[in-house]
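Chains as they are written, first to last, in the numbering used here: chain A, 1 to 124; chain B, 1 to 124; chain C, 1 to 124; chain D, 1 to 124; chain E, 1 to 124; chain F, 1 to 124; chain G, 1 to 124; chain H, 1 to 124; chain I, 1 to 124; chain J, 1 to 124.
Heads up, a few of these hints could be off.
Claimed, not checked - Computed list of chain H residues with no C-beta within reach of chain I, every gap over 12 Å:
1) MET1
2) ALA4
3) THR5
4) LEU7
5) GLU8
6) PRO11
7) SER14
8) ILE23
9) THR28
10) LYS61
11) ILE72
12) TYR74
13) ALA76
14) ALA92
15) THR98
16) ASP99
Unchecked claim - Using 25 Å as the maximum straight-line C-alpha spacing, the simulated BS3-like pairs for lysine-lysine come out as follows:
17) F:LYS33 with D:LYS101
18) G:LYS101 with B:LYS61
19) G:LYS33 with E:LYS101
20) A:LYS33 with G:LYS61
21) I:LYS58 with H:LYS33
22) D:LYS33 with I:LYS33
23) I:LYS33 with H:LYS101
24) J:LYS101 with C:LYS61
25) F:LYS33 with F:LYS101
26) C:LYS101 with D:LYS58
27) E:LYS33 with G:LYS33
28) A:LYS101 with A:LYS33
29) F:LYS101 with I:LYS61
30) A:LYS58 with E:LYS33
31) H:LYS101 with F:LYS101
32) D:LYS101 with D:LYS61
33) G:LYS33 with H:LYS58
34) I:LYS33 with H:LYS33
35) J:LYS58 with J:LYS33
36) H:LYS33 with A:LYS61
37) C:LYS101 with J:LYS61
38) B:LYS101 with A:LYS101
39) A:LYS61 with A:LYS101
40) C:LYS33 with J:LYS58
Derived from the structure by calculation, the hints contain no laboratory data.
The structure displayed is predicted, hence computed values, not measured ones.
No residue lacks a Cβ here, since even glycine has one placed at the ideal position from N, Cα and C.
Spelled out, the chains give:
10 protein chains.
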Amino acid sequence: MPDATLLESFPTPSPSPFVIEHISEEFTSVCPKTGHPDFGHVTLRYQPAAGGVCVELKSLKMYYQSFRNEGIYYEAVTNTIRDQLVAAVRPAWLQIITDWKGRGGIRSTIRADFGPVPAHYLGR
Amino acid sequence: MPDATLLESFPTPSPSPFVIEHISEEFTSVCPKTGHPDFGHVTLRYQPAAGGVCVELKSLKMYYQSFRNEGIYYEAVTNTIRDQLVAAVRPAWLQIITDWKGRGGIRSTIRADFGPVPAHYLGR
Amino acid sequence: MPDATLLESFPTPSPSPFVIEHISEEFTSVCPKTGHPDFGHVTLRYQPAAGGVCVELKSLKMYYQSFRNEGIYYEAVTNTIRDQLVAAVRPAWLQIITDWKGRGGIRSTIRADFGPVPAHYLGR
Amino acid sequence: MPDATLLESFPTPSPSPFVIEHISEEFTSVCPKTGHPDFGHVTLRYQPAAGGVCVELKSLKMYYQSFRNEGIYYEAVTNTIRDQLVAAVRPAWLQIITDWKGRGGIRSTIRADFGPVPAHYLGR
Amino acid sequence: MPDATLLESFPTPSPSPFVIEHISEEFTSVCPKTGHPDFGHVTLRYQPAAGGVCVELKSLKMYYQSFRNEGIYYEAVTNTIRDQLVAAVRPAWLQIITDWKGRGGIRSTIRADFGPVPAHYLGR
Amino acid sequence: MPDATLLESFPTPSPSPFVIEHISEEFTSVCPKTGHPDFGHVTLRYQPAAGGVCVELKSLKMYYQSFRNEGIYYEAVTNTIRDQLVAAVRPAWLQIITDWKGRGGIRSTIRADFGPVPAHYLGR
Amino acid sequence: MPDATLLESFPTPSPSPFVIEHISEEFTSVCPKTGHPDFGHVTLRYQPAAGGVCVELKSLKMYYQSFRNEGIYYEAVTNTIRDQLVAAVRPAWLQIITDWKGRGGIRSTIRADFGPVPAHYLGR
Amino acid sequence: MPDATLLESFPTPSPSPFVIEHISEEFTSVCPKTGHPDFGHVTLRYQPAAGGVCVELKSLKMYYQSFRNEGIYYEAVTNTIRDQLVAAVRPAWLQIITDWKGRGGIRSTIRADFGPVPAHYLGR
Amino acid sequence: MPDATLLESFPTPSPSPFVIEHISEEFTSVCPKTGHPDFGHVTLRYQPAAGGVCVELKSLKMYYQSFRNEGIYYEAVTNTIRDQLVAAVRPAWLQIITDWKGRGGIRSTIRADFGPVPAHYLGR
Amino acid sequence: MPDATLLESFPTPSPSPFVIEHISEEFTSVCPKTGHPDFGHVTLRYQPAAGGVCVELKSLKMYYQSFRNEGIYYEAVTNTIRDQLVAAVRPAWLQIITDWKGRGGIRSTIRADFGPVPAHYLGR
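Build out the structure end to end from the sequences listed, making use of the hints.
Next comes the structure, spelled out in structure tokens:
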């Protein structure tokens, strides 16, 4: 069951704004309708708040693993991760993109944002 | 026969705007003029309305399968899917792109939109 | 001889604007100067007028085949197709791009437009 | 010797503006300093003037071949072709790009324009 | 231990603005939580201040090597390098991007800037 | 020793603005700190001044070869070439980009400009 | 827990030898040492015995899913699948190849065979 | 210091011959001549002896990490790993291939074998 | 001047046969006919003799650098390196392959061997 | 109509056996069943007989063009070309391979030989 208490954080090492991207290629949950496993990639991008915190990487891995046997739609996975990370990290900006392998011949991508993309990050 | 009653939905899991993309690589219908089968890819992109619904993925697959023995032009496939999904989901934005394999040496792509692309999704 | 009477159409299936692309990879005509065959690709893009018509795909193929033994320059092929399709379909926008295989070590591309590219189609 | 009298033209087949691109991958001239042959690609892009003329393709090939034993710098090749084609065709816009294979470990590209790129052609 | 005293510099060879990029593909430090080594790429881009200094390349290599047995988070590596290079070089602009190999199935990228990207460098 | 007297020029063959690019993939100099050879690519782009001159290609090669046994930093190579070519050619615009192979696991790119990129060349 | 009773079969449709390959890209089990999930691809190749049986595809999927929460080494996964499929299908030849994503910076591939590769399949 | 006591093993899960490949992309040691770090990939391939043992993957990672601050030549790394793994696992066949990033402009690959490649693995 | 006294060696770390490959991508010498620099890649492959020696990598780099200002043909470079390395290392087998960048539009590859390729290395 | 009288030849320039390959990417004929044009590539390979003749290239082009408006199956095109070229050239060996673009979603390749492939050409 998605367990946000697994998430740990540490103080941002800099008062300046900077951007972090973590891409997990080993996410799995269960389809609530068919009971079959779903497999996807989860991309997390965020800018810590000034004086705020960063999410600790191993705890992020454990948090993602807590979805392993959960029956949950793609859309709910995406929004749950966004909402629980926003609550845990209180970032200046955060974005979640999930990419799902084919299911019944259909590939899916879901994207949810918290706040606008930082101007200094646009165009990259 | 295209059967929009097959479409099921569930409440959007978040009050925040987010974007969903489903790409089906296994769509087939029948040419109304020659009776030969057509094969294509159907890309659906949409943003649920605030407090609205999402289309359920397995029902989307069944809905696409209902075109299998229908004699229907590419252009009508594209607009029918757009119109029936808009009616079923009442999204903030929706876009259908169909890509068709060669027929008589001609490859085709058709695109139909409902509403403007969300500003936060432009440029991706 | 290019025969625009071969072109058939059917009413656009939607009152909303949408865009259609047909790419033919099997176009051939004859060089009016040398008598040798020319081989090219023809890309047609257009947006039907509101309440207007779409070109029927098999008739488009037959129309393209009517150039098969015609002695005609690349530039005239491109403009003839544009003009005859505009006359037949009366679209909101239409674009023809022809790409020709090497002839005497020279590859050629010709582009002719009718009306400006629709704003919702720019950037794609 | 570059011989612009080889260039032939024919009336543009349309009163509407359109754009033509011819890419020659078989151009050779001679270095005026070392006497060694140079090999390059020549790209010609232009928009005929309204009511103007197009360059005939076979005559363009013959014209390019007239540089074969000419001792001439890359920069002069590029500007000579631009100037002689502008004189022959009097286009609304014309662009020459020459790409030269390595010579002493140095690859070169030269670009010369006549008039601004047409707005409808920008971005392509 | 990260040792900024290793950094050497030399006067910028020009009063004009110019941009320098150094990409190190052999960076390693240690995870402070698990004690396992981390491996990454470090990209440094900067514009020396007018009349300022450039970082000497071999000293930059030695500086990077001083992280080899340091227990330090990705985010702190990125900000520490940015801050210590800014202090050593006092550039007009500086950017650090770190790309980290997979750890527990998660790949990461961190980016920190000092000052805005120079206008003449945008778009490159 | 970098020898700018090796540079020869000839009058620009056209009063119109045009752009020249020469890419040398066989540049080598010596690291002033370690004495080891450095290997790089040098890209030169410029627009001759109206009524000005072009750099002769073989003399450019000889000029680049004059760095072969010179102990000189990457940054100084880049700015020296820019300054000496600007002095020799007095162009409307000039840009030097040097790309250096890995040295101690670090790859480098340096860019120096003289004047703004011509508007007609932007976007290419 | 790996459950070979899930495997179903049907009679081979031909008395002639032929070869079948099934590639699963969605296999997951659990590391018995660390408790973390492992992710891999499983390739099954076999030749049914003359007058023997083929494995039913949906039952193969269910069988693979029965490893989902099993703590088991890569090597044991590979040999268990080989042995249980050999017992279920009694093939003339069978081969299992498992490819595992990085774990601690190490990617792994394990291969186990039953019987020699059929001569008619070598070299493919 | 290379520490073979870190290596753990477990009984081979099958009496049949099979082949295991582990590729580590995060190996680092130190050059005994210059004191600079070396970075490489280590590929291990082996066939357990009948009734023998397999190397445990996490212990292999810890073993590789024990080279981190060791001054040792590429050739000795390769032969040490081969010899210590042969002693720990007593395999039917074993092969070590090390690939090293550029050092002074030179890339290196070293290969050492124990026993001949198994016939059933040749050609793969 | 090629200086074989720069070559250093160390005792082979193993009594077993193994194979070493060093690829230098930064080799330069001078054409004895034109005086222009040549640029190439040098691949060295060898098997140390039982109880013999390996070439030390930094000394190999210095040895290659001693060709930097030598006027010498491609063929002589290749055979000189083979002969001087055979004399220095007395290997069981040795192979030199030189690949040269274009000179007057011609790319060249030269290969020289000492002894037959080891049977265990064939086909790799 | 296929017209073998168009084929011209010239005496083979050598008494030694050698092999010639001509690949035409601009072949078109007409489907005898539907009347629609077919497009394909034709590969001709042959070895002239000792003291025999070679086919003249421009005459081969004219011969291929004589199929342009012929209603003829793929299989008959392939065998007709083989037979008529064998009759015209009397080669030691000859091979025709035709590759046809998609027709109704099916791509086709036909191969016809005259005599065995020369031993010196096998494997190439």
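Consistency of the hints with the structure:
1. MET1: MET1 (chain H) is indeed farther than 12 Å from all Cβ atoms of chain I, at 16 Å.
2. ALA4: holds, 15 Å
3. THR5: holds, 20 Å
4. LEU7: Non-interface label on LEU7 (chain H) holds, nearest chain I Cβ at 19 Å vs cutoff 12 Å.
5. GLU8: Its Cβ never comes within 12 Å of chain I, the nearest being 25 Å, so this holds.
6. PRO11: With a cut-off of 12 Å, PRO11 (chain H) remains clear of chain I, as the shortest Cβ separation is near 27 Å.
7. SER14: holds, 27 Å
8. ILE23: The assertion about ILE23 (chain H) holds, with a minimum of 16 Å to chain I.
9. THR28: holds, 16 Å
10. LYS61: The claim holds: LYS61 (chain H) sits with its nearest Cβ about 23 Å from chain I, beyond 12 Å.
11. ILE72: Violated, because the least Cβ-Cβ distance between ILE72 (chain H) and chain I comes to about 9 Å, which does not exceed 12 Å.
12. TYR74: The assertion about TYR74 (chain H) is violated, with a minimum of 7 Å to chain I.
13. ALA76: violated, 4 Å
14. ALA92: With a cut-off of 12 Å, ALA92 (chain H) remains clear of chain I, as the shortest Cβ separation is near 16 Å.
15. THR98: At roughly 10 Å from the nearest Cβ of chain I, THR98 (chain H) sits no farther out than 12 Å, so the non-interface label is violated.
16. ASP99: Not fine: 9 Å to the nearest Cβ puts ASP99 (chain H) too close to chain I.
17. F:LYS33 with D:LYS101: Violated. LYS33 (chain F) to LYS101 (chain D) sits at ~35 Å, over the 25 Å cutoff.
18. G:LYS101 with B:LYS61: Cα-Cα ~30 Å, so violated.
19. G:LYS33 with E:LYS101: Roughly 23 Å separates the two Cα atoms, so the pair holds.
20. A:LYS33 with G:LYS61: Given that 25 Å is the threshold and the Cα spacing comes to 17 Å, the pair holds.
21. I:LYS58 with H:LYS33: holds, 8 Å
22. D:LYS33 with I:LYS33: holds, 19 Å
23. I:LYS33 with H:LYS101: Given pair LYS33 (chain I), LYS101 (chain H) is violated - Cα atoms ~35 Å apart, limit 25 Å.
24. J:LYS101 with C:LYS61: Given pair LYS101 (chain J), LYS61 (chain C) holds - Cα atoms ~15 Å apart, limit 25 Å.
25. F:LYS33 with F:LYS101: OK: LYS33 (chain F) and LYS101 (chain F) at ~17 Å, within 25 Å.
26. C:LYS101 with D:LYS58: holds, 14 Å
27. E:LYS33 with G:LYS33: holds, 19 Å
28. A:LYS101 with A:LYS33: holds, 17 Å
29. F:LYS101 with I:LYS61: With Cα atoms ~15 Å apart, LYS101 (chain F) and LYS61 (chain I) stay inside 25 Å; holds.
30. A:LYS58 with E:LYS33: holds, 8 Å
31. H:LYS101 with F:LYS101: Roughly 13 Å between the alpha carbons, so the hint for LYS101 (chain H) and LYS101 (chain F) holds.
32. D:LYS101 with D:LYS61: Holds, because 20 Å separates the two Cα atoms, which is no more than 25 Å.
33. G:LYS33 with H:LYS58: holds, 8 Å
34. I:LYS33 with H:LYS33: Not satisfied, since the Cα-Cα distance of roughly 39 Å exceeds 25 Å.
35. J:LYS58 with J:LYS33: Violated - the C-alpha atoms of LYS33 (chain J) and LYS58 (chain J) are around 31 Å apart, more than 25 Å.
36. H:LYS33 with A:LYS61: Measuring from Cα to Cα gives roughly 40 Å; hence the hint is violated.
37. C:LYS101 with J:LYS61: Given pair LYS101 (chain C), LYS61 (chain J) holds - Cα atoms ~15 Å apart, limit 25 Å.
38. B:LYS101 with A:LYS101: holds, 23 Å
39. A:LYS61 with A:LYS101: Holds, at roughly 20 Å.
40. C:LYS33 with J:LYS58: Given pair LYS33 (chain C), LYS58 (chain J) holds - Cα atoms ~17 Å apart, limit 25 Å.
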